[in-house]
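Using the sequences plus the hints, can you model the full thing?
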Amino acid sequence: MNHLDQLLHTPAQDAGLPMQDGHRGFPYRKLQAGTAIAYQPKPTPADVQPPPQLHAWAQGYGVIQHDQHTQARWAQLLQAAAIPWHGGDSSQVASLLHAADRLCSQAMWLVAHMTYCKQVKLDGTPLAATDFKSTPEGHTGGALNMVPAYVGYLLANALTGQTRSWLMGQGHCVAAIEAVNTLLGNQYPEQAERYPCDDAGLSQLCQDFYSYALHASGRPRAPLGSHVNAHTAGGVIEGGYLGFAELQYVHMPLPGETLVSFLSDGAFEEQRGSDWIPRWWRAEDCGAALPVMILNGRRIEQRSGLEQDGGVAWFIEHLRLNGFEPMEIDGTDPAAFAWAILHMESSLAAQAAEIAQGRAEYPVRMPYAIAHAPKGFGFPGAGTNLAHNLPLGGNPSFDASCRQRFNHAAAQLWVHPSAWQDARQRFRNHAVQGRPAERDHAMAQRRPDYHAPSLPWRDDMASPLVSPMAAFDATFCAIAEANPQLRVRVANPDELRSNGMGNTLERFKHRVTHPEPGNPESLTGGVITALNEEAVISAALANKGGLNLAVSYEAFAVKMLGALRQEANFARNQSEAGRPPGWLSVPLLLSSHAWENGKNELSHQDTTLAEAWLAEASPHARLVFPPDWNSAVATLDACYRSRGQLWCVVAPKRAVPVRLPPESARQLTEQGLLRLVGKGEVDEKLILVAVGSYQLTETLRASRRLDEHDIPHAVVYVYEPARLGSHSGLAADAGLLADAELASIFPHHSSFRIIAGHTRPGPLLGAMRRIDTGPAHTVGLGFLNQGGTLDTAGMLYANRCSWAHIVAKAGELLKLGLDALLTPDERDAVLGVGDPADLR
Numbered sequence: 001m002n003h004l005d006q007l008l009h010t011p012a013q014d015a016g017l018p019m020q021d022g023h024r025g026f027p028y029r030k031l032q033a034g035t036a037i038a039y040q041p042k043p044t045p046a047d048v049q050p051p052p053q054l055h056a057w058a059q060g061y062g063v064i065q066h067d068q069h070t071q072a073r074w075a076q077l078l079q080a081a082a083i084p085w086h087g088g089d090s091s092q093v094a095s096l097l098h099a100a101d102r103l104c105s106q107a108m109w110l111v112a113h114m115t116y117c118k119q120v121k122l123d124g125t126p127l128a129a130t131d132f133k134s135t136p137e138g139h140t141g142g143a144l145n146m147v148p149a150y151v152g153y154l155l156a157n158a159l160t161g162q163t164r165s166w167l168m169g170q171g172h173c174v175a176a177i178e179a180v181n182t183l184l185g186n187q188y189p190e191q192a193e194r195y196p197c198d199d200a201g202l203s204q205l206c207q208d209f210y211s212y213a214l215h216a217s218g219r220p221r222a223p224l225g226s227h228v229n230a231h232t233a234g235g236v237i238e239g240g241y242l243g244f245a246e247l248q249y250v251h252m253p254l255p256g257e258t259l260v261s262f263l264s265d266g267a268f269e270e271q272r273g274s275d276w277i278p279r280w281w282r283a284e285d286c287g288a289a290l291p292v293m294i295l296n297g298r299r300i301e302q303r304s305g306l307e308q309d310g311g312v313a314w315f316i317e318h319l320r321l322n323g324f325e326p327m328e329i330d331g332t333d334p335a336a337f338a339w340a341i342l343h344m345e346s347s348l349a350a351q352a353a354e355i356a357q358g359r360a361e362y363p364v365r366m367p368y369a370i371a372h373a374p375k376g377f378g379f380p381g382a383g384t385n386l387a388h389n390l391p392l393g394g395n396p397s398f399d400a401s402c403r404q405r406f407n408h409a410a411a412q413l414w415v416h417p418s419a420w421q422d423a424r425q426r427f428r429n430h431a432v433q434g435r436p437a438e439r440d441h442a443m444a445q446r447r448p449d450y451h452a453p454s455l456p457w458r459d460d461m462a463s464p465l466v467s468p469m470a471a472f473d474a475t476f477c478a479i480a481e482a483n484p485q486l487r488v489r490v491a492n493p494d495e496l497r498s499n500g501m502g503n504t505l506e507r508f509k510h511r512v513t514h515p516e517p518g519n520p521e522s523l524t525g526g527v528i529t530a531l532n533e534e535a536v537i538s539a540a541l542a543n544k545g546g547l548n549l550a551v552s553y554e555a556f557a558v559k560m561l562g563a564l565r566q567e568a569n570f571a572r573n574q575s576e577a578g579r580p581p582g583w584l585s586v587p588l589l590l591s592s593h594a595w596e597n598g599k600n601e602l603s604h605q606d607t608t609l610a611e612a613w614l615a616e617a618s619p620h621a622r623l624v625f626p627p628d629w630n631s632a633v634a635t636l637d638a639c640y641r642s643r644g645q646l647w648c649v650v651a652p653k654r655a656v657p658v659r660l661p662p663e664s665a666r667q668l669t670e671q672g673l674l675r676l677v678g679k680g681e682v683d684e685k686l687i688l689v690a691v692g693s694y695q696l697t698e699t700l701r702a703s704r705r706l707d708e709h710d711i712p713h714a715v716v717y718v719y720e721p722a723r724l725g726s727h728s729g730l731a732a733d734a735g736l737l738a739d740a741e742l743a744s745i746f747p748h749h750s751s752f753r754i755i756a757g758h759t760r761p762g763p764l765l766g767a768m769r770r771i772d773t774g775p776a777h778t779v780g781l782g783f784l785n786q787g788g789t790l791d792t793a794g795m796l797y798a799n800r801c802s803w804a805h806i807v808a809k810a811g812e813l814l815k816l817g818l819d820a821l822l823t824p825d826e827r828d829a830v831l832g833v834g835d836p837a838d839l840r
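All residue numbers for the sequence shown refer to the working numbering, where the first residue is 1 and numbers rise by one.
Be careful, since some hints might not be right.
No farther apart than 30 Å at their CA atoms in a straight line, the calculated lysine-lysine pairs in the BS3-like style are these [stated by the list, open to error]:
1) LYS685 x LYS815
2) LYS679 x LYS815
3) LYS509 x LYS559
Okay, the calculated beta carbon distance ranges per label pair [stated by the list, open to error]:
4) GLY834 x ARG641: 48 to 56 Å
5) THR789 x THR384: 39 to 47 Å
6) ALA655 x ALA776: 48 to 56 Å
To be clear, the hints were calculated from the coordinates, so they are not data collected in a lab. In this text, a Cβ means the ideal position worked out from N, Cα and C, and glycines have one as well.
Printed below as a string of structure tokens:
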């Protein structure tokens, strides 16, 4: 442990720093209910004084002030001489600290303008009524709080010559990121062109913020949004669905990388699992994951739940009980954030070294920074409910008193152009330091190499029944074997082995802190298991530098939808912005599904996720139904050959026949459907369509009955229903089958169609609109919300989609009586007056 490590791991009382209530680090006080969380340091001991180089910085700048505790921490860092300051001595460190204050103040000034103004005057001239928006909008308070945090992150990078990655869970605070990035020129090309750092460019930035302007295509006109989006330089998650950044950040950085994750106390109330982070972090396969909570004590219209539960004291105790090592910092000071980043990085490295040397064991005490700041610090309305959105409480465009308050507050934040431009140049030191710009940080540039393996095809069509999930198991192991450079994450909310993935479990093992002998568990296991769907899917979605797989009961995977949808939308927007994501696509295997999970009551019989995924209408959100072993192999192969896509894969875990030879399985995955019976001849008036493995079994059985009665027909299996959807003229149509190709499979003369689907009939018919010939000619069969303690045959009967129900619908369409196609017992069963067992 070096000098700095020793210093940073010295208890506060030994370092001469104040303590309170038995917690080392920053002193806090428990506030009365209804008060805003405030940062209230005790005086720092007189013997801890900033060196002369820091005296000018210590005076602060405008609203950015440096309390004695932050000064003492930086004095200790400089005195220790242990940080490898890149290309400079303590005087240059001081100049960057000084520059951070000016950059921070000017960015806060710009954030306030983004909410309220349509004109910017860099010379600081007070604004007139006509300079303000008629309808201001913005999550102003949170964005103001994020400015010191983001500037502190940039400061740590500039000081050490290391471009760390960043993540912001509170995506509605995007104005902070956009303001700082614009002032620094840390932008993607479309923003750099539209928003130069002059009056016109910054005015355009403010006008675009919540402008709602559209292109004729229906896409937003401005490369700017209300949340982190594909145009936000370095953004990797929208952060609109709060709580997922908290679940994902530990799984993001690879060894050698550092991720700074900005979190919120409001999101702390969201998805369960953020307090499990110490369970998963291992130095052997994880980079440094540094959580920083912006603790302002307020959510939209009231105090946060954390504050109501007991405030800072309660939260610190909660963190300690869950394996974190909390530290408190001044959330209004960029230097405090930079110090926290350096401190946490060093703490994590020191603990990893202790474990590697056998002097400690997992889990580590994950460092966790708590940044205190009244919501909306630096502007009127700070610490109140108004700070969430429009802190002035009125509209400056027509309210003179509001306009006066705005101009007065803006004057406190304004920085002379020469001062902030000097700060800009000091922060733009990437070329000198030989490091990438923050817009190009590691986690924003994922494109791992991939090597295709030899695949476990089955050529024997007469082989015994086999489980498609076993095919996924064998294929995933083969792919992982061929790609040892990829970190594996398998998301498992419950029963990996019972879902047919036993080899995967034995190979990669549950990740635990204390493995149980005789069980497939390991400290560095790749299987992330928790009885929480949001937490485990986040492990797979976050591991964008690796190889991922998720396995779930179909019914319970519905809880993953929010995370999946946020990810697919972000990927789609990146593609539309000309920067398609490069991470390997992620398959979610939905098994133990509605048609084979009847024994567990209707709660386990739910096709909602498949139906929701059908509605996404995006090449980044794909829903497929492999019916057998070879199509399962082809599916996983095709998935990992693609990039930036989320594949929901519905497949049975029970054994079914091998119906497709390898070449047909590949063809099925490539074109999305396959004719299995019939040649498209003129006398084939009827097409039976199956979507789902069990539906294919029933459809083929119905086909045999039609053959017995010499009724010409075709059987088509649809693997990817969305490819049969209607053209909307949007980019999301990529992957739709051409009309001519579809017409060759569904000729016009075959106007009668019966679609037996895995899902509820309505959503499926809507998704395959182009083959629907109208209610008099097309019939949809599928899940009707009927279930209970039933087997597969019972589920098919209860939902009126057994082979006999298909035959009965064929008779209706062709105007043939039921007696012509079914035996009397079969007919009575279909009509609901006989014995369902007669249809087995």
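Right, here's what the structure says about each hint:
1. For the suggested pair LYS685 and LYS815, the alpha carbons sit about 12 Å apart, so the restraint of at most 30 Å is met.
2. Restraint check for LYS679 and LYS815: satisfied, since their Cα atoms lie roughly 23 Å apart, inside the 30 Å limit.
3. The hinted pair formed by LYS509 and LYS559 meets the criterion: a straight-line CA distance of about 24 Å does not exceed 30 Å.
4. One distance hint, 48 to 56 Å for the beta-carbon pair GLY834 and ARG641, holds here, with the actual separation near 49 Å.
5. A hinted range of 39 to 47 Å is violated for the C-beta pair THR789 and THR384, which are about 55 Å apart.
6. The hint said 48 to 56 Å for the Cβ distance between ALA655 and ALA776, and at roughly 39 Å that hint is violated.
The structure fails hints 5 and 6 (numbered hints given earlier, in ascending order).
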